[in-house]
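Engineer: So the sequence lines, in the order shown, correspond to chains A and B. Each residue of the first sequence is one higher than the one before, counting from 17 in the working numbering. Each residue of the second sequence is one higher than the one before, counting from 146 in the working numbering.
So the derived label-pair ranges between C-beta atoms look like this: (1) A:Arg84 - B:Arg266: 27 to 35 angstroms; (2) B:Ile260 - A:Ala92: 29 to 37 angstroms; (3) A:Lys381 - B:Arg187: 38 to 46 angstroms; (4) A:Ser267 - B:Gln220: 51 to 59 angstroms; (5) A:Thr38 - B:Tyr353: 21 to 29 angstroms; (6) B:Glu308 - A:Arg52: 19 to 27 angstroms; (7) A:Asp470 - B:Arg350: 57 to 65 angstroms; (8) A:Arg52 - B:Thr306: 16 to 24 angstroms; (9) B:Glu194 - A:Arg62: 34 to 42 angstroms; (10) A:Ser598 - B:Glu308: 51 to 59 angstroms; (11) A:Glu89 - B:Arg266: 24 to 32 angstroms.
If you are wondering where the hints come from, they were derived from the structure by calculation, not from laboratory data. Beta carbons: idealized from backbone N, C-alpha and C, even for Gly.
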Amino acid sequence: MLFRSFRSILDECLWAIQNGETVETCLGRHPRQANRLLPYLELASRVSQTPNVDPRPIAQATAWTAVRERAGELRAGKRRRRAVRITSYGAWMRPMAAAAGAVAALVAVSSGTALAAQDAMPDSPLYRVKLAGENVHLWLVFDEEHEAEILLDQSDERTDEIRAMTKDGKEIPGIVLDAMRDRNERAAVIIAERPEATQLRDRLRGQALDQEDLLVAVQADVKPSASSDYREAFASVHNSYFVGTGAFASSLLSEELADGVQTVSGVVQRTENGTWTVGGMAVGVDGRTISGQELMAGSTAELIVGVSSNGRRQALSVSRISAMPTPSDLIVSGEIEEVTADHIVIGGQTIPITDATFLKGQPRKGKKVSVRLSNTEAGVVAGTVSAGNGSSSEFGASSLTFEGVMETDLGQETEQLVVSGQTFAITADTSFDFTAGDAADGVRVQVEASAVEDGVLEAESLTVLASEGDDNSTYLVGTFEGGRPGVWVVSGVELDSPQGNAQEPDEESLVAIDAEESDDLLSVSSFFVIQAPGENLVKVQGTATTIDDTVWNFGFGAVTVDSTAEVSGRPIAGARAIVWGSKDETGSIDAVYVRVLDERAVISPPAEEDTDS
Amino acid sequence: MSVAVWTTVLAESVKDRKGAQETTGPAEREDTAVLAEWEIVRRAQGYEESALQSLYEVYYPKVYNYAFLQLGDVQAAEDLSSDVMLKMVESIKSYKFKGLPFSAWVFRIARNRLIDLHRRRKRRGEVDLSESIAGTLASPQVMAERALERGQIQVALKHLTDEQRQVIVLKFLEGFDNRSIGSIMGRSEGAIKSLQHRALGALRRVLYEEEF
Numbered sequence: 017m018l019f020r021s022f023r024s025i026l027d028e029c030l031w032a033i034q035n036g037e038t039v040e041t042c043l044g045r046h047p048r049q050a051n052r053l054l055p056y057l058e059l060a061s062r063v064s065q066t067p068n069v070d071p072r073p074i075a076q077a078t079a080w081t082a083v084r085e086r087a088g089e090l091r092a093g094k095r096r097r098r099a100v101r102i103t104s105y106g107a108w109m110r111p112m113a114a115a116a117g118a119v120a121a122l123v124a125v126s127s128g129t130a131l132a133a134q135d136a137m138p139d140s141p142l143y144r145v146k147l148a149g150e151n152v153h154l155w156l157v158f159d160e161e162h163e164a165e166i167l168l169d170q171s172d173e174r175t176d177e178i179r180a181m182t183k184d185g186k187e188i189p190g191i192v193l194d195a196m197r198d199r200n201e202r203a204a205v206i207i208a209e210r211p212e213a214t215q216l217r218d219r220l221r222g223q224a225l226d227q228e229d230l231l232v233a234v235q236a237d238v239k240p241s242a243s244s245d246y247r248e249a250f251a252s253v254h255n256s257y258f259v260g261t262g263a264f265a266s267s268l269l270s271e272e273l274a275d276g277v278q279t280v281s282g283v284v285q286r287t288e289n290g291t292w293t294v295g296g297m298a299v300g301v302d303g304r305t306i307s308g309q310e311l312m313a314g315s316t317a318e319l320i321v322g323v324s325s326n327g328r329r330q331a332l333s334v335s336r337i338s339a340m341p342t343p344s345d346l347i348v349s350g351e352i353e354e355v356t357a358d359h360i361v362i363g364g365q366t367i368p369i370t371d372a373t374f375l376k377g378q379p380r381k382g383k384k385v386s387v388r389l390s391n392t393e394a395g396v397v398a399g400t401v402s403a404g405n406g407s408s409s410e411f412g413a414s415s416l417t418f419e420g421v422m423e424t425d426l427g428q429e430t431e432q433l434v435v436s437g438q439t440f441a442i443t444a445d446t447s448f449d450f451t452a453g454d455a456a457d458g459v460r461v462q463v464e465a466s467a468v469e470d471g472v473l474e475a476e477s478l479t480v481l482a483s484e485g486d487d488n489s490t491y492l493v494g495t496f497e498g499g500r501p502g503v504w505v506v507s508g509v510e511l512d513s514p515q516g517n518a519q520e521p522d523e524e525s526l527v528a529i530d531a532e533e534s535d536d537l538l539s540v541s542s543f544f545v546i547q548a549p550g551e552n553l554v555k556v557q558g559t560a561t562t563i564d565d566t567v568w569n570f571g572f573g574a575v576t577v578d579s580t581a582e583v584s585g586r587p588i589a590g591a592r593a594i595v596w597g598s599k600d601e602t603g604s605i606d607a608v609y610v611r612v613l614d615e616r617a618v619i620s621p622p623a624e625e626d627t628d629s
Numbered sequence: 146m147s148v149a150v151w152t153t154v155l156a157e158s159v160k161d162r163k164g165a166q167e168t169t170g171p172a173e174r175e176d177t178a179v180l181a182e183w184e185i186v187r188r189a190q191g192y193e194e195s196a197l198q199s200l201y202e203v204y205y206p207k208v209y210n211y212a213f214l215q216l217g218d219v220q221a222a223e224d225l226s227s228d229v230m231l232k233m234v235e236s237i238k239s240y241k242f243k244g245l246p247f248s249a250w251v252f253r254i255a256r257n258r259l260i261d262l263h264r265r266r267k268r269r270g271e272v273d274l275s276e277s278i279a280g281t282l283a284s285p286q287v288m289a290e291r292a293l294e295r296g297q298i299q300v301a302l303k304h305l306t307d308e309q310r311q312v313i314v315l316k317f318l319e320g321f322d323n324r325s326i327g328s329i330m331g332r333s334e335g336a337i338k339s340l341q342h343r344a345l346g347a348l349r350r351v352l353y354e355e356e357f
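Please construct the entire structure, taking both the sequences and the accompanying hints into account.
Structural biologist: Quick look at the structure:
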C-alpha cells in the first residue's frame, strides 16, 4: 500500500511543473491520484501562463523620480520627517488605554509562541498551541463550506504529521489522532448538511480512504495509551467515507475495533444464512464496508477487518478482489548496502523509493530492513520500507517461522493460536492469509512470529499452506540460542536435541529444523545452518511464478537456485517460497537455502507465450 | 527470463524517476541568481543609484502586477507600488540575507502595505477592495487593454478570499516557492500547501461555473 496526503502530492507536482516537468510526467508518478490531480495541475498551468499586467510607463517613471530623490536624501543623512499625531486622552480613558496595552502585549507574546508552534510536531509541547491556533483561525471564518475546506486541510496536515513521526521511528501520540478525528467529524457534519457541495464531499471521501490506509499501516506504532484515540479516529475516518449516503446513519462504532484492525485474505463464500466467510473465517459485510466492486462467492479477496472485544469481525474495506488467487506480495529483507532519497540497495538489488513509499524508521546503510515491493504504473517500487528494530520476524534474533498443523478453531472467539502444540498469541496486527484454503482445524499452516517478554510468541501472520503433509512433522526457521544437555532453544522454542553426534550449531546461527512432534514435545529430526553468525544473507519471500531450470522468477525479478543451493520441499511453479541468498558477481541473488511452502501451486502458472505470433 | 532482469528492471525504474526529477540544474541556477541579486542589494544598501535603479526596474512592475491583481484598480495599484518602492529604499539597510530571496522581503512590504490600505479603507467605510476588480473589468476601456484569458482569471480571483488570492498570485504569477510565500504571509509551509490546494479548488469552481 502507498500512502501520502493529496495536499502533499499536489504540492510536489506543482513544484515539479514550476521547474519544467510536464503535467503528464507527474501524473505518471501518481497514477492512483491522477484523476484528482489533473484539473488542479491544468488550472495551475493555465494561471501561470496568464500574462502580467504591465504598469503605465509614465507612472513608473514618476515614482522613480520620487525614489531617486529619497535615496539622495538618505545618502546625505537626512531622516524622514514623520507625521506625529498627538491624541489627548481624558483621565477616564487612561485605564482603558493601559488595558489595551496589556492586551496588545499579550497578543504579541502569544503571536510569537503561535509562530514558533506553526511547524510543531505532535510530540512537541507547542503542538497544543498549534492546534489552538488552528481553531482560532476558524473563528474568523463565517462561510461554512470554507470552514469545511479548512477543516479538511487541517485533517490532511495530521496525515503528514503521522507519516513524519513514523518515518522518524516515533510512536504516534493520542493528540494527533484525536485532532484528526475532531477535524474530520466537524467537516463531515457541515458537508452532510449540504448535498450540493459535491466537490467537498468527494474530497472528504478521497481523503478518508487515504487516511484509513495510513491508520491500518501505523497501528503497531500507536502509543499504548492512545489506543482509544486510535479507534475513535479510525471509526470517524471510516464513517466520513459515507457522508452523503444512507450508510452514514448506521455508522461504524469504535467498539467494533476494540481488538484492533486486521488484514484477512482468502476465498470468500456466502453461507446459507447470508453471512460471509473469508477462508472459513466469519466476517460481517454490510453497507458500511467500503468496496469498489461487489463481493462474489468463490473469488479471492483481501479485506481489512475490525475485531470487536467479543471476537466479531466486521469488514471495513475490500482492498483487493480477483476471480483467481494472485501471487503474494514480494518482500525483500536484508542489510542496506546503499540508500539515497530515491533508491535503496539490498543484496545488489536497486529498489526505487518514491515520495509515496511508506517509511517506518529511517533506513541507513548497514541497517537491517524489510521492503515490500509494489508494482505501480511508474514501475516496481518500494511500497513499504520497515527499518529493523529487532522485533520484526523479517530479521532480528527473536524471529521465528513455524510450520505445523492447526489445532485452533478460528471461528470461535480466541486470542491464541495453537499449531502442532506450540502456542502463539493473536494480536491486533496478526494478518491472515487463507488464499490456499480455509483455516480449518487440522490444516497445515505457517506462522511468522516474534518472541516477546516472558517467552510469549506473538503471531505476526498466519498462512494456510497448500499442503497435506505429515500430521506429526513440523518445520521451523529461527536463531539458535544455545541449549543444555538434550535440549536446543531456537528463537524461544525448546526442542529435544537430535540423536547421535550431530555438531551443535554456533549460537546466533540461523537454522532450519525439521522436527517430529511426540508427547507434546518437538524433537529435531534434521537441521541445516542457513546463515552463520555475522553473515548477512538476503531473504526473498514471494510466489515463484515460473521456474526455468535454475532461474526462479518471483514476478518482479528472479533468483538463481543452482545445484549448490539446499532446497527444502519440491520446486513447483505457482507455489510460495522463501529464499536466503547472497549477491553474486553479476549483481543477482544466488540462493543458499530455499524453503518451498506449498506442495501444490496456489496460483495458476502464466500461459505459454505463442512465439509464432 | 534471465537472472539479471530484476536488477535491470529496478535500475531502469530508478533512472526513469531521476530523469523525471532533473532538478539540480534549475535549483543551482536559482541559487546563482539569488547570490547575484544579493550583490546588487549590498550596493543598494549604500544607496548607490545604479543598484537602486536595477532593483526598482525589476520590482516596480512585479509589485504593480501583484497590487493590481489584489486591488483591481490602476490608480490604487500605482500608489501602492510607489509606496512600496519608497519603503524599500528607506528600509534596505535593515535587510539581512537569511537564505530567502530579496523578492520575498519586498513582497512582505507590499503585503503589509496592502493590509494597511484595507484597514484604512474599511475605517473610511469604502467598498471592499476585492469588489472593485469586477467594477474595473466592467469598464470597456480597461477590458480592451487585457487579454481574454487574463480577464477571466482576474474575475475569478475576485471570488477568492484575500489569503487564497495572495497565494495564487505569489505562487503561480510571481513564481515564489512555499517557504518564501510563508515568509511573506507569515504562515507555515504546511499552511501554504493547504492554502494553495484550497485556492486552486476555489478558483476551479469559479471558473467552471463561469465558463460552462
